[in-house]
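Q: Residue strings, one per chain:
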Amino acid sequence: MRKPIEIRLMQGNEACAQGAVDAGVRFFAGYPITPSTEIAEWMAREMPAIGGKFIQMEDEIASIAAIIGGSLAGVKSMTATSGPGFSLMQENIGYACMTEVPCLIVNVQRGGPSTGRPTAPSQGDVMQARWGTHGDHPSIALSPWSVQETYTLTVKAVNLSEKYRTPVILLLDEVIAHLREGVKLPDPRKLKLVERPRPRGGREEYRPFGGTMKEVPPIADFGMGFNCNFTGLVHDEVGHPSNSPAVTDRLIRRLVGKVEYDRDQIIHWEEIEMKDAEMAIFAYGCSARSSVSALKAARELGMKVGLIRPTTLWPFPEKAVEAAAARGIPLLVPELNLGQLVLEVSRVAAGRTRVRPLSRVDGELFTPMEILSALKEGF
Amino acid sequence: MPFNVTSYFRQEMLPHIWCPGCGNGIVLRDFAVALEKLNYSRQEVVIVSGIGCSSRAAGYLDFDTVHTTHGRALPFATGIKFANPGLKVFVIMGDGDASSIGGNHLIHACRRNIDLTAIIFNNHIYGMTGGQFSPMTPRDKKATTAPYGMIEQSFDLCRLAEAAGATYVGRATTYHNQLLTRLIVEGANNRGFSLIEAVTHCPTSYGRRNKMATPTDMVRWQKESAVLIDRIKEGRASLQEGQFPVGLLHQHDAPEFTAEYLEVVKRAREK
Ligand SMILES: Cc1ncc(C[n+]2csc(CCOP(=O)(O)OP(=O)(O)O)c2C)c(N)n1
Ligand code: SF4
Ligand SMILES: [Mg+2]
Chain H
8 MRKPIEIRLM QGNEACAQGA VDAGVRFFAG YPITPSTEIA EWMAREMPAI
58 GGKFIQMEDE IASIAAIIGG SLAGVKSMTA TSGPGFSLMQ ENIGYACMTE
108 VPCLIVNVQR GGPSTGRPTA PSQGDVMQAR WGTHGDHPSI ALSPWSVQET
158 YTLTVKAVNL SEKYRTPVIL LLDEVIAHLR EGVKLPDPRK LKLVERPRPR
208 GGREEYRPFG GTMKEVPPIA DFGMGFNCNF TGLVHDEVGH PSNSPAVTDR
258 LIRRLVGKVE YDRDQIIHWE EIEMKDAEMA IFAYGCSARS SVSALKAARE
308 LGMKVGLIRP TTLWPFPEKA VEAAAARGIP LLVPELNLGQ LVLEVSRVAA
358 GRTRVRPLSR VDGELFTPME ILSALKEGF
Chain R
1320 MPFNVTSYFR QEMLPHIWCP GCGNGIVLRD FAVALEKLNY SRQEVVIVSG
1370 IGCSSRAAGY LDFDTVHTTH GRALPFATGI KFANPGLKVF VIMGDGDASS
1420 IGGNHLIHAC RRNIDLTAII FNNHIYGMTG GQFSPMTPRD KKATTAPYGM
1470 IEQSFDLCRL AEAAGATYVG RATTYHNQLL TRLIVEGANN RGFSLIEAVT
1520 HCPTSYGRRN KMATPTDMVR WQKESAVLID RIKEGRASLQ EGQFPVGLLH
1570 QHDAPEFTAE YLEVVKRARE K
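In the order they appear, the protein sequences are chains H and R. Here this note's numbering = 1-based position in the first sequence + 7. Here this note's numbering = 1-based position in the second sequence + 1319.
No lab work stands behind these hints, which were simulated from the structure alone. Yeah, the Cβ is synthetic: ideal placement off N, Cα and C, and Gly gets one too.
Simulated DEER-style distance windows between Cβ atoms:
no.: 1; chain 1: R; residue 1: 1562; chain 2: H; residue 2: 125; range: 48 to 54 Å
no.: 2; chain 1: R; residue 1: 1582; chain 2: H; residue 2: 369; range: 43 to 49 Å
no.: 3; chain 1: R; residue 1: 1547; chain 2: H; residue 2: 252; range: 50 to 56 Å
no.: 4; chain 1: R; residue 1: 1588; chain 2: H; residue 2: 308; range: 55 to 61 Å
no.: 5; chain 1: R; residue 1: 1582; chain 2: H; residue 2: 121; range: 38 to 44 Å
no.: 6; chain 1: H; residue 1: 58; chain 2: R; residue 2: 1358; range: 28 to 34 Å
no.: 7; chain 1: R; residue 1: 1464; chain 2: H; residue 2: 374; range: 52 to 58 Å
no.: 8; chain 1: R; residue 1: 1570; chain 2: H; residue 2: 240; range: 34 to 40 Å
Distance condition first, Cα-Cα at most 27 Å in a straight line; then the derived DSS-like pairs of lysine-lysine:
no.: 9; chain 1: H; residue 1: 191; chain 2: R; residue 2: 1590
no.: 10; chain 1: R; residue 1: 1590; chain 2: H; residue 2: 10
no.: 11; chain 1: R; residue 1: 1585; chain 2: H; residue 2: 10
no.: 12; chain 1: H; residue 1: 10; chain 2: H; residue 2: 191
no.: 13; chain 1: H; residue 1: 197; chain 2: H; residue 2: 10
Chain R stretches covered by chain H per the calculated footprint, using a threshold of three residues with CB under 8 Å from any CB of chain H:
no.: 14; region: 1329-1335
no.: 15; region: 1349-1363
no.: 16; region: 1377-1386
no.: 17; region: 1397-1410
no.: 18; region: 1415-1427
no.: 19; region: 1579-1586
Can you make the complete structure from the sequences, with help from the hints?
A: And the structure:
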């Protein structure tokens, strides 16, 4: 059991598990896979003692199905996996989007495609987190750069999922998942926790899929007596399947819209030394750590370099890029992939400033030196 | 028994999507009768289904219902039951849903012996997608993807479930109405994983291609193919080629998953 306020040396995976439990998660289903397994092991050990549920399922498809089930029963639920398992989960992630069932999916990224490099860091699943499941759908994905931030973003991820009734993806980097750092754990009683909207009125006025994109409709727990139908088919406000073009259009636009409408509430990024910056690095997760060191080295050389570090990858933090682009600040985008989020950066920059990708896919991290060299080479 | 079957249905969802003469409605009615006999409160029952003609049944029933993804109903149901063991969870699946795409989930639900009652609508075919063979299509029968006849062996899902650890296993047909209701009731009362195979008929996608063009032909086939297990046990009948046993096929006691988990909780708290 943990004390109210604690400073502890923790692994990223542990901080994630602790954050989830502090955020109220009491149901975990998963299937072992490197480099996420420690989360499942932690849950197997700790969940029973705190009145929570842990189950190891037969595969990742079953794991995500089980957590959606757990959440329908009213319990905050999560799973954790890595690339191959994340690929298997995609169909049911879409189901959770469509039926608006809150849940947290942690993807500790490893080198891909396929089995790839199980113990090597990679940021190759950024686009999969956005577009992995078929059809237009809402997407929220967060990416921490430290063990401390893994804790806080896990809490935030659970909260966002409850607030918007949608699955949220935490994209962890392998190195952060396995890194040990001091973490200050806040008093869990003082954490701001969000609960999904639940119906206040009776069954007659219950519209579990109603409202406009400005309001997230309420969801009743199974067993509360609201007797609602959940289906992955296009459905109307009460949950009946429908083939009506109007119902379809309204549903898809509302699902995507409820997240898009509130993007300013959801999106967060941090800026370092951007005030006088003449060029900037746009980086997230472990690549932002190398970038900060590169930034410091560059500043010592008199180069006016800044850093934009989004913790929200989806919805994409357009305004962060917007501000830099308006000032004509060229952007270097280092990623442990062949250029994924840089596509969004370029889209928003829209030719107003230079955007340069920097890639590594050899399973190694960026060294500050190579980022510095890229800055020196210019855009 | 004064029984108003319609009170179990979401009136606004009717008429259903099934073809005239489809057996699914019969199974669904037998299920509603079983629910009536079980006398659960409306809010403690959850019905989970996969994808297929048969899985549409969940949406017609006036309970908490989940129409999930193809083959995945059991792990969804596992999550619901495990999160709230007080709920009575029924799982409706088609033969393809349960034995093909969801086959692995079925094995593991049996092995865990989690307290779910699974009803498998076996029409021996992929009905919803228009008549492709399923792992339960009998040998030599025709399907759109077996136009020259099925060459693969078909599954006996009841034997599979028994071997995998299910603690209550039964089979009935749309001809054996009361038996089907009885098996569902007993399966629900079994504390553990129960599998009830409901042999049903799909005249549209199966019968027409296999010389059983009308629903009557199909029900006659069921009547002639099904042999009561009790009669076999008593030595009054034996299974001939193409016949299958119906009735309570298997039952044994074993620890149930959600109850066992309480033991885990105890051990974790003593730690
Ligand atoms: C992942 C996935 N693959 C394929 C399908 C298409 N599909 C829908 S229903 C079905 C087969 C249904 O057959 P069965 O489970 O026997 O149910 P029935 O329609 O016969 O009641 C298939 C293959 C799907 N919906 N999802
Ligand atoms: S295709 Fe077959 S199973 Fe489906 S509704 Fe028609 S008769 Fe029933
Ligand atoms: Mg079928």
